[in-house]
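Student: Starting from the given sequences, assemble the full structure and let the hints guide the process.
Okay, here's what each chain looks like letter by letter:
Number of protein chains: 4
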Amino acid sequence: MSRKIRMGMVGGGRGAFIGGVHRIAAAIDQQIELVCGAFSSNPEKSRLSGEDFFLDPSRVYGTYEEMIKKESELPEDVRMDFISIVTPNHMHYGPAKMALEHGFHVVCDKPLAFDLEESRDLVDTVNRTGMIFALTHNYTGYPMVKQARAMIKNGDLGKIRKVVVEYPQGWLATLLEADTEQKQAAWRTDPSKSGIAGSMGDIGTHAENLAEYITGLKIAEMCADISTIVDGRQLDDDGNVLLRFDNGARGILFASQISVGEENSLAIRIYGEKAGLEWHQMEPNTLIVKYQNKANEIYRTGVGELYPETVAAARTPAGHPEGYLEAFANIYRNFSKCVQARIAGVEVDPIYNDYPTVEDGLRGMEFIYKVIESGKSDQKWIKM
Amino acid sequence: MSRKIRMGMVGGGRGAFIGGVHRIAAAIDQQIELVCGAFSSNPEKSRLSGEDFFLDPSRVYGTYEEMIKKESELPEDVRMDFISIVTPNHMHYGPAKMALEHGFHVVCDKPLAFDLEESRDLVDTVNRTGMIFALTHNYTGYPMVKQARAMIKNGDLGKIRKVVVEYPQGWLATLLEADTEQKQAAWRTDPSKSGIAGSMGDIGTHAENLAEYITGLKIAEMCADISTIVDGRQLDDDGNVLLRFDNGARGILFASQISVGEENSLAIRIYGEKAGLEWHQMEPNTLIVKYQNKANEIYRTGVGELYPETVAAARTPAGHPEGYLEAFANIYRNFSKCVQARIAGVEVDPIYNDYPTVEDGLRGMEFIYKVIESGKSDQKWIKM
Amino acid sequence: MSRKIRMGMVGGGRGAFIGGVHRIAAAIDQQIELVCGAFSSNPEKSRLSGEDFFLDPSRVYGTYEEMIKKESELPEDVRMDFISIVTPNHMHYGPAKMALEHGFHVVCDKPLAFDLEESRDLVDTVNRTGMIFALTHNYTGYPMVKQARAMIKNGDLGKIRKVVVEYPQGWLATLLEADTEQKQAAWRTDPSKSGIAGSMGDIGTHAENLAEYITGLKIAEMCADISTIVDGRQLDDDGNVLLRFDNGARGILFASQISVGEENSLAIRIYGEKAGLEWHQMEPNTLIVKYQNKANEIYRTGVGELYPETVAAARTPAGHPEGYLEAFANIYRNFSKCVQARIAGVEVDPIYNDYPTVEDGLRGMEFIYKVIESGKSDQKWIKM
Amino acid sequence: MSRKIRMGMVGGGRGAFIGGVHRIAAAIDQQIELVCGAFSSNPEKSRLSGEDFFLDPSRVYGTYEEMIKKESELPEDVRMDFISIVTPNHMHYGPAKMALEHGFHVVCDKPLAFDLEESRDLVDTVNRTGMIFALTHNYTGYPMVKQARAMIKNGDLGKIRKVVVEYPQGWLATLLEADTEQKQAAWRTDPSKSGIAGSMGDIGTHAENLAEYITGLKIAEMCADISTIVDGRQLDDDGNVLLRFDNGARGILFASQISVGEENSLAIRIYGEKAGLEWHQMEPNTLIVKYQNKANEIYRTGVGELYPETVAAARTPAGHPEGYLEAFANIYRNFSKCVQARIAGVEVDPIYNDYPTVEDGLRGMEFIYKVIESGKSDQKWIKM
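Residue numbers (this note's numbering), protein chains in the order written: chain D, 11 to 394; chain Y, 11 to 394; chain L, 11 to 394; chain X, 11 to 394.
Bear in mind the hints are in silico, worked out from the structure with no lab data behind them.
One should not assume that every hint holds.
If chains are identical, the list can't say which one is meant, so a pair holds when it fits in one copy or spans any two.
[As the list claims (entries may be wrong)] In silico EDC-like cross-links for lysine to aspartate or glutamate, where the CA-CA straight-line distance does not exceed 16 Å:
(1) Lys80 x Asp62
(2) Lys390 x Glu231
(3) Lys14 x Glu43
(4) Lys79 x Asp200
(5) Lys107 x Glu128
(6) Lys169 x Asp241
(7) Lys203 x Glu128
(8) Lys193 x Asp39
(9) Lys107 x Asp125
(10) Lys304 x Glu315
Tutor: Here it is, written out as structure tokens:
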């Protein structure tokens, strides 16, 4: 019989940003119950966070090692089923690897890990253990992203010729990390926590993932101009990249954290032989489909005939905007359906077998390495 | 000590629409746990729904009467704290009244009840019992609606002179209720279930509530043209209304369910002596603020200095769109904070003491009666 | 053989607004030559204006009477063919009547005249003299307005059920007419120059004309709330009107000059049994066509298959925005083609026989009278 | 005394596109009179075109050489003052050079000439003869482009850090030039008429000109990926370019003629230290100004305090959209004011001394050469 699956969280204590997002995303579809956590390296903060979430104090742990060990020892019908990792990048690998090896499934925030070596090891570990691993490239969870992908897969656009994907933000237009209150800015611009990339790791990789997910193409070559615009910053905060895809399509990817006045303006435009499309993350329920000799069309979540995967990704009738949290929840929903099927020993409905995997995470990490390499190189094209 | 509050649901079994929305809205902020329900008048359907929600079968009831009675007999630390009523209009009054009298708080979908008499009795019952009662006029939960209201309250627009509020939909442009599969259409156009009004009760009342909530004004007089456009329909499906507010401001309200191609295009424009504003439900995180001799401004959820009630209504940083479900959740969140404070015997933070009340529900019902009366009358202005 | 037609202008001297618009509109298609004028009641100002336009000083007149008389006496291949009247409302009738009776065609700014009596007399005079008379309800000149009209005429929307037409402006949100520099504001709010209506005559009549032009329907009844919002103003500055059309369609018309932050936000939404449409004057090259169970479409000037009258109303390929001046020019272009055909003694191509007529002007004046009457009346519905 | 200046046209006979645009642009402000032309290499077509424009048949010439020669021999108060060249690229140089050397001013469509050599020679010829030469990079004529430029010049954005300029079209997504009726497509994709570049010469150079005009910066280096997407085409139809400006700012430029469903979506986004801005050619009267910690602003033609050059570039009050033809006309207007001042022997008002020059044309041609060179090169960065 089906049941809610049980989540333990690593990170995400008071004051964090993405932890709260994960908890809401896990709660929305009521398939997941938060049962335990190691919310902070500060035990008092972890304890207080446990209170915030109404947890049994005995299941609020000081470290992820303790959590994984203790939970493993609990009865099968009590212990957590999976962990959700919402720590900074340099703290993904440890809990992910240990959890997998102790028989727990994993949801992990992106990017997959601190570096390429860790990432490769995680792929191996997932393959070896057979556990379910989802990476929260959350933007792929939007219904209209599903629609765009399905349209291309079904040939509605014809052969893809050009892709323009962009992710401008403005929040790091000043040296925000110099302010000790700005913890988000601090770790995301610190190479010891973020890894080799700043903007490219934080948001460039979302753009790369979105482009490959929707088009079904792979980036084959790139030529990057990677910059640190703000004086005193340690990592890149702006990058412009020429792309060539494996089918010959041309592309542009840019990501920026110094584009004053931009919030999270992730957007993608794709042009095929027969039609084009355009999608903006900040108005996510609209997909413009473009034609050469007739009126462009405004596809909307919930309106008219949409592909089944689009329909499955929405909860409300047309005109009730679903947003970022629901898109994020779609990853948790699909993950939870897969875990429930695994527990029940049945095949999962293929419509749910759709979430970013550990391999997507490795590919994202390879992208980060290549794009930083290209940025430093005098060679025009770098193969990926 | 604080704890999650426990919800019992009336209605909302398999195949219903608004019940699922309420469950998600209650789940989002993780302050509420669904513990029991009388999900359907069909006991088998109710039982299956209980399984869907992983409930203890002993707490899945055949009727709301049974649920309220049995739950009352459970130990205080087990029994539900409140009921959520998500049935058609003619089935709001019974469970609401009984719950209140048995010491349960209530969340009720709008409109408040089937008719004016029931509505008045509910106001009396809430006042008499002292229980907490929230009506889900969910559109008031959006951050930018809070901002608009706070701006007007603080005089940023000057004296209000004109209001245009509208709610066009297209889904009833044909006689959908003739199709037996269309249960939403069937009960919403059936006077024995919906009450005296169709479009005016279903969505006109949302428009009225939004206008009064944001402006802080009261409609003083109205002049309505209420129509049934589709042949064979029993209730109104289109209405256009001239308004005069208690401060002398002029206004227009229209609601329509035959406006082909419109989803849920609730929108409001308000003009004061100093500035104006415009908000659209389908792009809810944007509020345009208008000036006569300088550039209009694009206020956005999460950007810049916003009023505290706006900030409190959002969960994510700027650029991550929150939508309908989060706005709906804000009503449950505020309600749950009030109930938790009541349980703990403390004053609730005033920022949470903001949700539509039973009096708002009565006002909405009075609006429905007056607007239908005006539609039938040859008298130009009808006082409210 | 075809030739440019010759224009004499009444009004429109230095400092005026609409005169310059007419001159540009007449110039754009290079079918019209300005040859003379009585540009101002101030002879010196008239003379200087003539210099601005490089006119022969002998054809710059002190009064319209002088102009019409003197031009009549010039040889046929020299004298003007028509006059363009761009004076305030109370000075339309005189030059229009005299010109018609002297065998000159007329282009006249709207509204047709100062009052109903003058308007009726002009209809008679046009009918009696057989001269060509065009009224510059310029908004009907936009390509996408032509498209909307053709779509409805061809049944693409099915039977029309609802119309929402609006024209909010903000420029008279303060008592601008108290400033002696504000000549536009002064005459437009002065009943001795504007007539019985302010906002309703200035812009309400544009909204009425647009709605009837596009739908092909006639307003049958109306119920109006007409207000003077700004203290000290003599005429209405805001009006909200319920409409019923001759086919039973319901409607709303509003026009306002106190809607702070609005420029010239003339817009129309029309809903039929099969489809709906939406057009905004400030983004005039876009027409949204709406459907119930499929994607809405973005019709654009120049893109795909459009009706012939739409194509005829545009000068440039898609994506080169044409605007207000080109729409205005379409009235002059069609008028000039009709005059050229008259001169050549041939039938004009029917596609050009499309401009607002003196009868449209009378209808506009009747609308003004009825809407002001309704505003003052306690009777709910006033027949038109 | 001031007078209209007299224009002779080279090219632009029946069936051409850009010739008609130039004639309208020249007509709008009523400062220019078309007096003669060599409209086509086909004498009959030239003659018929002359009839269309009501010209004296004796001034409709068979060739530009004949026109320049004959007009030179006419009395000074009759002969043309300047020629307007609206032929394909390979036919700019001949008439331009000959006209300049015969003492005629020149307006020339872009790009300046067929190749770099011709372009350099034209710069020399203009400098040597001292005649006035304007190139119709018409997009710089929009009021909001003037505003953007003035804002940056005045430091409103702070130091510029990033520029994204794009010009996608879709009209060449198929091999349109294979259809013999498609004359526009034919010459624009023919290297013997267009020169070394297709999309980069036709529209890429507009993007380059716009970016440098608005920012006041110069492109210092570029790295281009230039493609011919459509099989059988001879010239590029898509190009993506990384830019570095002379102040260190980063940039992206892309131009495409295979972006299905795009009309003329020229757009630019610019980010400085203090603010950013965004402008779209297809909604040209809006300029979004962006800030990091406060509401973005919607600047509009005609609203509030704008820079004098913005005000000078508009003809109508706010809310009456001016478009492509008016922007184009601004170049003719400024050019005509300069010619009139030259004739009158006075200094021109500096606000009119603002139009693209022969040097801008040379720079555009250098851009075309460099971007094509970069597209073919394995070297990452090419200096400009």
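Student: Taking the hints in turn, state whether each one holds.
Tutor: Hint check:
1. Neither within a single protomer nor between protomers do lysine 80 and aspartate 62 lie at most 16 Å apart by alpha-carbon distance, with minima of 21 Å and 31 Å respectively.
2. In this assembly of identical chains, lysine 390 and glutamate 231 lie within 16 Å of each other by CA distance both inside one copy and across copies; the values are 10 Å within and 14 Å between.
3. Taking CA atoms no more than 16 Å apart as the test, lysine 14 paired with glutamate 43 passes in both settings, with 6 Å inside one copy and 13 Å between copies.
4. Neither within a single protomer nor between protomers do lysine 79 and aspartate 200 lie at most 16 Å apart by alpha-carbon distance, with minima of 31 Å and 59 Å respectively.
5. For a Cα distance limit of 16 Å, the shortest separation of lysine 107 from glutamate 128 inside one copy, 9 Å, qualifies, whereas the shortest one across copies, 60 Å, does not.
6. Only between protomers do lysine 169 and aspartate 241 lie at most 16 Å apart by alpha-carbon distance; the minimum there is 13 Å, versus 43 Å within a single protomer.
7. When the C-alpha separation of lysine 203 and glutamate 128 is checked against a cutoff of 16 Å, the pair qualifies only within one copy, where the shortest distance is 14 Å, while the shortest distance between copies is 57 Å.
8. Proximity of lysine 193 to aspartate 39 under the C-alpha cut-off of 16 Å is found in neither arrangement, the shortest distances being 30 Å within a copy and 24 Å between copies.
9. Within a single copy, lysine 107 and aspartate 125 get their C-alpha atoms as close as 14 Å, which meets the 16 Å cut-off; across copies the closest is 61 Å, which misses it.
10. Only between protomers do lysine 304 and glutamate 315 lie at most 16 Å apart by alpha-carbon distance; the minimum there is 7 Å, versus 19 Å within a single protomer.
In terms of the numbered hints stated before, the structure departs from hints 1, 4 and 8, listed from lowest to highest.
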